[in-house]
Every structure is written in structure tokens, then in C-alpha cells.
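J.: Sequence:
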Amino acid sequence: MTKRRMQQLDLFGGFEPPAPPPPSAPIKMGRSEPLVWVAEVWLLREYDASEASILRHLTLRKGLNVLWAPPTPEDVENRLGDGQITGHTAGKTTFCRMLRYLLGEQRFGTTRAQEKIREALPEGWVVATIVVGDERWIVGRPFGLGLHPFAARGLSFAEALAERGRGGYQDFLADIRRVVMEPVPVKELPHQREPIAWEHVLPWLTRDQESRFAGLVEWRDPSSESESPRLVLDDRHVVLRALCALMSDEESEAQRRYEDLALEKQGLEERAPRLADRAAEDRRRLARLLGVEDDTNDAGPLFAARFRETVTRRKASLAAAEEALAAQALEVEQAEGAAQQAAEACGARVEALREAEARREEAKRPSEKKREADEGTPAPLPMRAGLCSVPLDVAMAKGCPLAASHPAAAPMTREGKKALAEAVMEAKRTLAEARAAQKEAAAEHTRRRSALSAEEKRIARERASIEEVERLYDYMTAAEREADANTERLAVVTDEVKASSERQAALRREQEEAEARISERFRDVVRALLGDHVEARVEVKGRRLELRVEDRGERDGAAMQTIKLLAFDLAAMKLSMDGHGQLPGLLVHDGPREADMDGRIYERLFLYARHLEESANGSLAFQYVVTTTAPPPKEMQKEPYLLFPLLDASKPEGRLLKMDL
Numbered sequence: 304m305t306k307r308r309m310q311q312l313d314l315f316g317g318f319e320p321p322a323p324p325p326p327s328a329p330i331k332m333g334r335s336e337p338l339v340w341v342a343e344v345w346l347l348r349e350y351d352a353s354e355a356s357i358l359r360h361l362t363l364r365k366g367l368n369v370l371w372a373p374p375t376p377e378d379v380e381n382r383l384g385d386g387q388i389t390g391h392t393a394g395k396t397t398f399c400r401m402l403r404y405l406l407g408e409q410r411f412g413t414t415r416a417q418e419k420i421r422e423a424l425p426e427g428w429v430v431a432t433i434v435v436g437d438e439r440w441i442v443g444r445p446f447g448l449g450l451h452p453f454a455a456r457g458l459s460f461a462e463a464l465a466e467r468g469r470g471g472y473q474d475f476l477a478d479i480r481r482v483v484m485e486p487v488p489v490k491e492l493p494h495q496r497e498p499i500a501w502e503h504v505l506p507w508l509t510r511d512q513e514s515r516f517a518g519l520v521e522w523r524d525p526s527s528e529s530e531s532p533r534l535v536l537d538d539r540h541v542v543l544r545a546l547c548a549l550m551s552d553e554e555s556e557a558q559r560r561y562e563d564l565a566l567e568k569q570g571l572e573e574r575a576p577r578l579a580d581r582a583a584e585d586r587r588r589l590a591r592l593l594g595v596e597d598d599t600n601d602a603g604p605l606f607a608a609r610f611r612e613t614v615t616r617r618k619a620s621l622a623a624a625e626e627a628l629a630a631q632a633l634e635v636e637q638a639e640g641a642a643q644q645a646a647e648a649c650g651a652r653v654e655a656l657r658e659a660e661a662r663r664e665e666a667k668r669p670s671e672k673k674r675e676a677d678e679g680t681p682a683p684l685p686m687r688a689g690l691c692s693v694p695l696d697v698a699m700a701k702g703c704p705l706a707a708s709h710p711a712a713a714p715m716t717r718e719g720k721k722a723l724a725e726a727v728m729e730a731k732r733t734l735a736e737a738r739a740a741q742k743e744a745a746a747e748h749t750r751r752r753s754a755l756s757a758e759e760k761r762i763a764r765e766r767a768s769i770e771e772v773e774r775l776y777d778y779m780t781a782a783e784r785e786a787d788a789n790t791e792r793l794a795v796v797t798d799e800v801k802a803s804s805e806r807q808a809a810l811r812r813e814q815e816e817a818e819a820r821i822s823e824r825f826r827d828v829v830r831a832l833l834g835d836h837v838e839a840r841v842e843v844k845g846r847r848l849e850l851r852v853e854d855r856g857e858r859d860g861a862a863m864q865t866i867k868l869l870a871f872d873l874a875a876m877k878l879s880m881d882g883h884g885q886l887p888g889l890l891v892h893d894g895p896r897e898a899d900m901d902g903r904i905y906e907r908l909f910l911y912a913r914h915l916e917e918s919a920n921g922s923l924a925f926q927y928v929v930t931t932t933a934p935p936p937k938e939m940q941k942e943p944y945l946l947f948p949l950l951d952a953s954k955p956e957g958r959l960l961k962m963d964l
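Sequential numbering of the sequence shown, starting at 304, is according to the working numbering.
Mixed in with the good hints there might be a few duds.
Computed list of lysine-lysine pairs in DSS-like fashion (alpha-carbon distance at most 30 angstroms, straight line) [unchecked claim]: (1) K721 <-> K731; (2) K731 <-> K720; (3) K618 <-> K760; (4) K961 <-> K937; (5) K742 <-> K720; (6) K954 <-> K941; (7) K490 <-> K618; (8) K844 <-> K568; (9) K742 <-> K490; (10) K490 <-> K801; (11) K801 <-> K568; (12) K844 <-> K801; (13) K419 <-> K954; (14) K941 <-> K961; (15) K954 <-> K937; (16) K731 <-> K742; (17) K961 <-> K419.
Simulated restraints on C-beta separations [unchecked claim]: (18) A342 <-> R903: 28 to 36 angstroms; (19) E466 <-> E497: 29 to 37 angstroms; (20) G856 <-> E938: 34 to 42 angstroms; (21) E658 <-> R766: 41 to 49 angstroms; (22) L566 <-> A352: 55 to 63 angstroms.
No lab work stands behind these hints: they were computed from the structure.
Just so it is clear, the structure is predicted and the values come from calculations on it, not from any experiment.
From the three backbone atoms N, C-alpha and C, an ideal C-beta is built for every residue, glycine too.
Could you build all of it, start to finish, from the sequences and the hints given here?
T.: Structure below.
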């Protein structure tokens, strides 16, 4: 560690930051190795291990690795129109994208960048040695389309390419998930409702250069076209908290349970008035049908008692009417019989009248015959069924024994004629009486039949009305039961929401020790960068992390925002080195210096990384990759910290891919 003390004033103004702790006071490490780190990277023109195919071969190490593209030296005269570029567009971000690509990201650049690389290197590959746990993998991914990545365990670079392996890449990713993700105490993201995965962690470990360190969980900017999973803000904070041991599955489950209960409570509250209104409307309709007053104070058991009393009374009346209807139907049947009998009696009277009139006609025949004889015109006998058509006098003249025995053959006395006349009159009278009786019987039958039909219709209407009332009562009681069940469930859910909130609070209290650990590391990094008098802490607010830096009041601003994010990432890495959390120990910062960040503070970022190496006492449990245009401290502009060769955009061979794209 350098003994030089930095005297320059920075954006806080006028304080001398302390030197990092001396290496003589080693910090106890919880890990001896990073969970994941990159040992070597090859950029190939084509799938071949020969020297002619290798564009670049970079060797990385555990600890600090600086990929530097130096700017134009300050002592070179600056002139208008001098467009020489050295540090920018040299390939620093492309290198970071290649690391991300190897570690599982879908793309190695923006659409335009990929097109240019594929045009220049259609058969190109990026290959790396990546250590996962205690396994060394050779991993390769192509630039061109239509080719598949490969990964081989335990082989050298040349051996892996010689086998022309075309598989194993998913096994490599599965190994990362096993080593890094399986021990994570949170198994599922509460909002996305999907397992927390390596693909969710990688964006944090390798922040987009395009994101400009704008926010704690702003890891991927849309302009980078990374196609990384898009998580909601709260789930990105869950990733941070899960890997920093700031939450557990129990808290995640409690959070999810709370959200489910809160959503259910909201639904119950919204349904309650609708259910109550429906039950009230059904009760009002029922009251109208029953002909009773709708009194809200009389709802519930009292209304039910009134309903049962009214319906029971109406059903009893209906039963009595149906019983009376049977007797009435019998009376109609009897009236119908009487009408039939009256009709038959009337028919008999008609026949009797005919016979009387026939006898009277027969009694008149002798005088008519005499008159006919006097007039010389015989009178024909009337044709009657069953009688001889021969005139009586002819028959008697011929000696017909039947004619001699016929009553008309004997002369009719006055008394006989009178008796026949009276007989005809009596027959007419009795016929008139019979017809009157028949008419009266028919009218009675019609009246009784009409009354029976009217009663049947009335009973049918009453039965339908009772059925409608009972059906509506069922609707009303079902609505009331649903409303009551909703109210009861709402009370239960309200209690459960309260209990869930209290449980979350208890779990958060249990995490206070974990918060204290990350805050302590964060404060150490911030003080190493800004000075011992600065206060810094990490706070968990609700479900999110907030970073606080105070120096005579809270400090913020673009440069301070970047400093806080860098300090947090380093604090999380230090936490994992100490054996807390599941950050794999790999961290990539692509061009972290913001334009208005003080250069001395930026240098301390590298000094702090070197301090971590020295205090680790040889057990380097992290790999920190920084790309930069601004120079690192002079004593670190050499091996083992720098990656060689240095990048230089002023000439094609100085760029990462040794060509202008």
C-alpha cells in the first residue's frame, strides 16, 4: 500500500482522506476463492486453436484486473482539427459484453455492433476459461448465426477445440446455478412469480456502461439491447437483498402472502356493497309480492319469520281451495248427470206427445172417409212405420181380420174424442215442463263448470305466485348468505393482513443484523473513498434498499450517486468475501468514472481494490474487472493489475479486435 497521502480537495471540499488500513492487520475471510471467475479469454478469427486464428489472448487473475485504454498524453499539444482518438471506442465495452455473453447473456452487443463484428469475423468465436466453484470450464460462443456454443469441463483450450465439442454449454450454466443460486435463501421473485435465477443476478454483476450508474438497480439500459430479463423494480431489489443475505424465503413468502391477502381484501371490500345492494333489492321485491312493508330493521330472522308465516298461511289456504275444488268438481259431475237425465226425460215426453197426436189423428179417419166418399176422392192413409198402407175401409170390405179389430173400425164416441184431446194436451204440458227442466239443468251445469274453471285458474295463479315468492326468497337468502360470507371473510382477511404485516416486520427485525453488516461494509468503502468523517449506511425501506451518505447533511448529485453505487457493489463483494450472502465474488465495472467525479476519488477505487487483495493474506475470494480510460494510480499501471496489451483506438491493431469496424 502506498504511503503517499492524497492532499487534493475533492467535491466535498477540504478534507484529507485516510489511508486504507495497513496490510499488517489482515481481515478474516469467509471464502478462499470466488464462486465464479474468468481466468483467460481468447478472441478467435475462426474455430481453431492456432496462433494464426487467435486475435487476442488476455490472461486475468483473481483480485483486481484493469483493462486500460490510455487517453492521449497530456504533454501532447492539442490542436483544432486533431481528431486522434486513443482511449475511446477501443473495445472496453465490447470486452465486457463478451464476458457477459460467455456467462449466459443472449447478445454480445447492440444490433449494429453485432452486425459489424459478424461482417468482419463471420467465423469468429470468443472462448474463455471460467472457474465455477472448483471446476474449470472452457466455454465458447460464436459470433456468427447458426452455430451453437460449447463448454467442456477439465480440458485445456486446445483440447476443448480439438474435440470440436458442440454441447455442454447448458451444463456449464447449470453448474453456475448450482454453485451460486442453490444456496440463495430466496427461491422465487415475489412479483414475477418465477424462480430467482442466474440470469437475474448477472446484470447486477456486470452493469451496463450505457446505464451510467444512474441507479442502484438500473443495471440494463434499453439502448444496450441486451435482452436480459426485465424485472420490476421491487424484484430487482429482491435480487440485491437475497444475495446480500438481507432476506429469506420466509420473508419472500410472507411478502407474497401479504400481497395476496391485500389483493383479496381489496376484492372483498369492493364486492361487499354490491352484495348488500343485491340482497336488499331481492328483499324489496319479495316484500312487494308478499304485500308487506319492507323495513330494514325487520331484516334477517324477523323478515324470515314473517315470510314463513305468510307463505304458510297462503299454502294452507291453497290446500283448502284445492280440497274444495275436488268437491266442486264432483258437483259439476252431478250437475252434468242431472242435465243428461233431464234431456232423456224430455225425449220421452216428445215421444209420448207424438203417440197421443197419432191416436187423435186415427180417431178422425172414419168421418174423413165418409167425406171423401161423398166427394168421390178416397183419402190415403198416412204412411207410418209398421202399419199397413191399405185404407181401412177397403181392408174391412175385403174382410181383413186386422181391420175388423182396429179401434177405428168402431165408431168413436164423444167421450172418447174428449179423452184423446185431453191426452194430447197433457202430453204437451209435460213436454214443456221437461224442456224447462232440461234447460235449467244445462244452465246449472254450465255455471258450475265455469265456476270450476275459474277456481282452477285462480289456484294455479296462487300456486305460481307462491313458487315465485319461494324462489325469490331463495335468491334473497343466497345473496344474504354470500354477503354474510363476504363480510366474515373480510374480517378474517383483515386480521390476516395485519398478522402478515406484523410477521414481515418481525422478519425485518431479524434482518437488522444483516443490515448492520452491509451498512458496516458500505461505510468502510465510502470512508475509504471520501474520508473518516463521512457517515454512510444502507437502509431497507419497505422492500427496497436506499443508500445514505452524509457530510454535514445528506450528499447527493450525479457524481455522488455513482460513488454510492460503486461503494455498494464493492461492499457487497466484501460481504461475500467475509462469507455472508451469495454474491459470487465476480464484479465488472465498465468505465465507472463519471465526468464530474474527482480524479483523486476515482483513483481510490483502485487503491481500495488493492487493499482488499493485501488484506486477504493470499486468499483472493474476488475478481474485480474495471475498464477505464482515466488512468489508475501510477503504481498500479503495471502488472499484475493491468491486462495487456493496453488498448489504443488510434490504430486498428490497438483495438480489442485488432481492426476498425
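J.: Now look at each hint and say whether the structure bears it out.
T.: Tested hints:
Of the pairs offered as hints, the one joining K721 and K731 holds, with about 16 angstroms between alpha carbons and a cut-off of 30 angstroms not exceeded. For the hint linking K731 to K720, the alpha-carbon distance of about 17 angstroms falls within 30 angstroms, and the restraint holds. Proximity of K618 to K760 is assessed by CA-CA distance (about 16 angstroms); at most 30 angstroms being required, the pair is judged to hold. The hinted pair formed by K961 and K937 meets the criterion: a straight-line CA distance of about 26 angstroms does not exceed 30 angstroms.
Of the pairs offered as hints, the one joining K742 and K720 is violated, with about 33 angstroms between alpha carbons and a cut-off of 30 angstroms exceeded. Restraint check for K954 and K941: the C-alpha separation of about 22 angstroms stays at or below 30 angstroms, so the hint holds. Straight-line distance between C-alpha atoms of K490 and K618 comes to about 64 angstroms, which puts the hinted pair past the 30 angstroms bound. A hinted pair counts as satisfied when its Cα atoms are at most 30 angstroms apart, and K844 with K568 qualifies at roughly 24 angstroms.
Taken as a hint, the K742 and K490 pair is broken in the structure, with Cα atoms around 98 angstroms apart against an allowance of 30 angstroms. Our distance criterion of 30 angstroms between C-alpha atoms is met by K490 and K801, whose separation comes to about 25 angstroms. A distance of roughly 11 angstroms separates the Cα atoms of K801 and K568; the hinted pair therefore holds under the 30 angstroms criterion. The straight-line distance between the Cα atoms of K844 and K801 is roughly 19 angstroms, inside the 30 angstroms bound, and the hint therefore holds.
Distance check on the hinted pair: K419 and K954 sit about 18 angstroms apart at the alpha-carbon level, within 30 angstroms; holds. Between K941 and K961 the alpha-carbon distance is near 22 angstroms, which keeps this suggested pair within the 30 angstroms criterion. A distance of roughly 24 angstroms separates the Cα atoms of K954 and K937; the hinted pair therefore holds under the 30 angstroms criterion. About 17 angstroms separates the Cα atoms of K731 and K742, which keeps this hinted pair within 30 angstroms; it holds.
Only pairs whose Cα atoms come within 30 angstroms are accepted, and K961 paired with K419 is accepted, the gap being roughly 14 angstroms. For A342 paired with R903, a C-beta distance near 32 angstroms keeps the hint of 28 to 36 angstroms intact. Between E466 and E497 the beta carbons are some 35 angstroms apart, a value that agrees with the proposed interval 29 to 37 angstroms. Separated by about 35 angstroms at the C-beta atoms, G856 and E938 satisfy the suggested range of 34 to 42 angstroms.
With their beta carbons about 56 angstroms apart, E658 and R766 fall outside the hinted range of 41 to 49 angstroms. A C-beta distance of roughly 57 angstroms is found between L566 and A352, which places it inside the suggested range of 55 to 63 angstroms.
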